[in-house]
Each structure stands twice: as C-alpha cells, then as structure tokens.
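> Taken in sequence, the protein lines are chains A and B. Numbering follows this note's numbering, in which position 40 of the first sequence is assigned residue number 40; successive positions increment by one, without gaps. Numbering follows this note's numbering, in which position 99 of the second sequence is assigned residue number 99; successive positions increment by one, without gaps.
Calculated directly from the structure, the hints in this document are not laboratory data. Please read all numbers here as calculations on a predicted model, not as lab measurements. Wrong hints could be hidden among the right ones.
[Claimed, not checked] 25 Å max Cα-Cα, derived PhoX-like pairs, lysine-lysine:
no., chain 1, residue 1, chain 2, residue 2
1, A, Lys-22, B, Lys-41
2, A, Lys-98, B, Lys-64
3, A, Lys-42, B, Lys-20
4, B, Lys-66, A, Lys-37
5, B, Lys-41, A, Lys-110
6, A, Lys-42, B, Lys-41
7, B, Lys-66, A, Lys-98
8, A, Lys-98, B, Lys-41
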Amino acid sequence: GENVEQHPSTLSVQEGDSAVIKCTYSDSASNYFPWYKQELGKRPQLIIDIRSNVGEKKDQRIAVTLNKTAKHFSLHITETQPEDSAVYFCAARVPANKFYFGSGTKLNVKP
Amino acid sequence: GAVVSQHPSWVICKSGTSVKIECRSLDFQATTMFWYRQFPKQSLMLMATSNEGSKATYEQGVEKDKFLINHASLTLSTLTVTSAHPEDSSFYICSGPGANYGYTFGSGTRLTVV
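Sequences are here, hints too, so could you generate the full structure?
Quick look at the structure:
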C-alpha cells in the first residue's frame, strides 16, 4: 500500500516567520494530496489540497507544492501566527479512494 | 458543505463489553466511508473501508471480528468494538466524501476501556 512519510515531527518558529512541512509518498498512482490541521482533541480540518495535475496551489498565507516526479509535496505557511500552532498531517489518496496519512508535525508558533 | 456526524463523542466502558460508534452523513449519500484510529500523539491509521450494502474491507492487521462495521444505508455507518480491552482505548474517527476530491471527518469518538 501507500507509504507517506512526513518531516519534521516538531517545528518551532517565531511569529511572523515561515514554516515548511514536507511529505513523500510511495505510490505513483496517488492523485490527491490534502493537508489537515488538527487541534488538541478535535477532528482534523482540511486546510488546503492539491491534485496530481497541479504543481502549486496557494490560499492566502498557505501554499502547497507538488513534485510528482520526486513524489513529494510540501506545505508552506507564511507570516505564521500563534493560532497556527497545531498538529498538521499530510495525506495521499490512492485510486481506491483510501487516504494514507503522514505521521504529523507539531507546529509551535512562539509569540 | 458535507457534514459527517459522529457519536458518541466519548465513551468509557468496562473491559469485555462492546461499544458501538455511529457515523452519519447529514447532507449527502455515501456509498463508502472510512474508519480511522488515532492513538495519542500519533497519526490517523486507516482501519477499514465501509461499503454500503456489502462487507467492509479491512486494512492489514485489523481484526475484522473485533471491529465490526455495518453500512446498512447510504447515510449511516457503524463501528462496533467487540469485547473491548484497555489496548483498544483510542480516538476513533470516521470520514466520508466531501466536496470535489475532499473527504470530511466526523468529530471523533474518544474510547476509554477500563
């Protein structure tokens, strides 16, 4: 099955700085890559996603890039704010519509 | 947007008893839903795919006789943890199809087996 690896496991940045989280996947048939933000005790919330036919997508302070050849995709958060602090998960969807998640990155934005 | 309602949000049960978790799609019909388990400070692990009107398909290593899944209608999927043990304590969360390719999650169920 699909194997999704995510790095780093923890990330601390100063408020206003940028944060980058990287994921790799193994199944070249994966065609959709969402990113989720999960606050303690709550459900994951979709924050941005990208399809396999797109290289980059941006939504205000959040952007995602995808390199299909290298099978990796990244989440970029600019001008970080304390409320961005949470655990972020990447995921890859295989053609069977199953999602496989990365191990998560705990982002801490220091005021 | 697509809404998935899951309950209970938390449950405490005695070891050896069974617990049923429900997942309902409120504004869409779902032929497929997914069940995940999340241990503290870990990622979501796909347990099984719930298929409306047919048997669920389980990921490798997941005991189908322990985690019974029923998808009797297009809006309801249930997960029953049978003969629960403390090691089954976890956060269980379901997911259904949302807009476009996206999937939306239920609010999750915190199961504690004592």
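> Go through the numbered hints given earlier and state which of them the structure violates, listing their numbers in rising order.
4
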